[in-house]
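Chains as they are written, first to last, in full-length UniProt numbering: chain L, 1 to 345; chain P, 1 to 67.
Errors might be hidden in some of the hints.
What the hints assert, rightly or not - Chain L is faced by these chain P residues, among others (derived, beta-carbon under 7 Å):
id : residue
1  : R12
2  : R16
3  : G19
4  : L34
5  : V37
6  : L42
7  : A45
8  : P61
For the record, the hints were derived by calculation from the structure and aren't laboratory data. Where a beta carbon is used, it is the ideal one built from N, C-alpha and C, also for glycine.
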Amino acid sequence: MDGRTDFLTGQAVCNGALQTNIVRWVLTHPYWKVPMTDVSMQDTPYEARMGDYFALLKPRVMSLVVFTALVGLLVAPVPVHPFIGFVAILCIAVGAGASGALNMWWDADIDARMRRTAGRPIPSGRVTPGEALGVGLALSGFATVLLALATNFLAAFLLAFTIFFYAVVYSMWLKRTTPQNIVIGGAAGAFPPMIGWAVATGSVSLESTLMFALIFMWTPPHFWALALFVKSDYGNAGVPMLTETHGRDATRKHIIIYTLLLVPVALGLGLTSIGGPIYMAVAVVMNAWFLKGAFDIYRRSDADCEADKHSVEIKTFKVSLYYLFLHFGALLVEAALRHAGMGGW
Amino acid sequence: MAIKVEHELHARRKGRNIGVFLLLAGFIAIVFGLTVVKVLQLGEASQFEKFDHVARPQIVPEEEVTQ
């Protein structure tokens, strides 16, 4: 018994029984009962389209990975041939997508219970769990090997470790067992700029470690702000989010603590060789804005949230999205200015 | 009587087949492109050019040619 539950009956099941239930659930899913004019086609199951397989790769997460990895690659002091850079970013994106497919394979039961994820390819019956596992494993191997051949072994190792971390450490282990799941699991999303840097330099440095730390420290307040206004979803799925295990007040406290810890990381990155006055100006403004949002959340009660329909939490969540985008965007501007003989300290 | 060559399965899987074709074509393009870039990064071709199973008079050292 591994603590998972059958999403049809809600009873605890062992892994083998769970797989059997997934197959049963897929085979009996109403998605297949589409009206057909040809009687002979009544028993024909739904054929997955390319778009269904693409959806397994979590394209929206992939876009963030591509952006941060590209920044990591472009701000590095060693130039990379454009085509090799393109292939490297493609490999990182495919690797991230592969870990997304493995995550969807493992989490099909809890995805089916959450409004936000019920339409994903496996719970909606468009792709079978076995297909998702196959896509995930094949793309993981493809992306890692191609990155090793195109660039260097350190970058490939970091990519393989990222996939392992997201699929095994986060999805299989932490997500269902601890409310600190996204704190440690957030590391998986923090690796891409470090991989991009390793593609160019073949090494890990203070700069790439701080870029990693920036995303790592940003992830908890970002997700907890989200969890505060979609709390019922995680609760229904049985995922031990901090809001469910320790309550919403404790979550608000955690948000302000992690945001305070994030500030020195963001400002410290500006003092390294890839920082500069523009990055620092952006960092000061965005950290003040994010801190204000976190502080506003900290001061609120559940009654306040109900009264204004979580407007402050939703706003702070949006600020957190701008926060990351503008920090990495500013690093890119600094790199462009340095290239033109300006920028930097 | 007309012979229907195309099974309905072909029509149903058309999109998937086109997708697989594009993926394979893209993979070939990537491997080809990487090969070209990696070879060009080796520098001046004459520095590492060898016979490659065929006599290449243009890279035979001058003393051997005069003998």
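Structure-based check of all given hints:
Among the interface hints, the one on P:R12 holds; its C-beta lies about 5 Å from the nearest C-beta in chain L, closer than the 7 Å criterion. A hinted interface residue such as P:R16 counts as satisfied when its beta carbon comes closer than 7 Å to some beta carbon of chain L; here the least separation is about 6 Å, so the hint holds. At a threshold of 7 Å, the smallest CB-CB gap from P:G19 to chain L is about 4 Å, leaving the interface hint in force. With a cut of 7 Å, the hint placing P:L34 at the interface with chain L holds, because the nearest CB-to-CB distance is about 6 Å.
Evaluation of the P:V37 hint against chain L yields a held restraint, the C-beta minimum of about 5 Å falling below 7 Å. At its closest, the beta carbon of P:L42 sits 13 Å from a beta carbon of chain L; the interface hint therefore is violated under the 7 Å criterion. With 7 Å as the threshold, the beta carbon of P:A45 stays out of range of chain L, its nearest partner Cβ sitting at about 17 Å, so the hint is violated. Checking P:P61 against chain L by beta carbon gives a least distance of about 33 Å; that is not within 7 Å, so the hint is violated.
The structure fails hints 6, 7, 8 (numbered hints given earlier, in ascending order).
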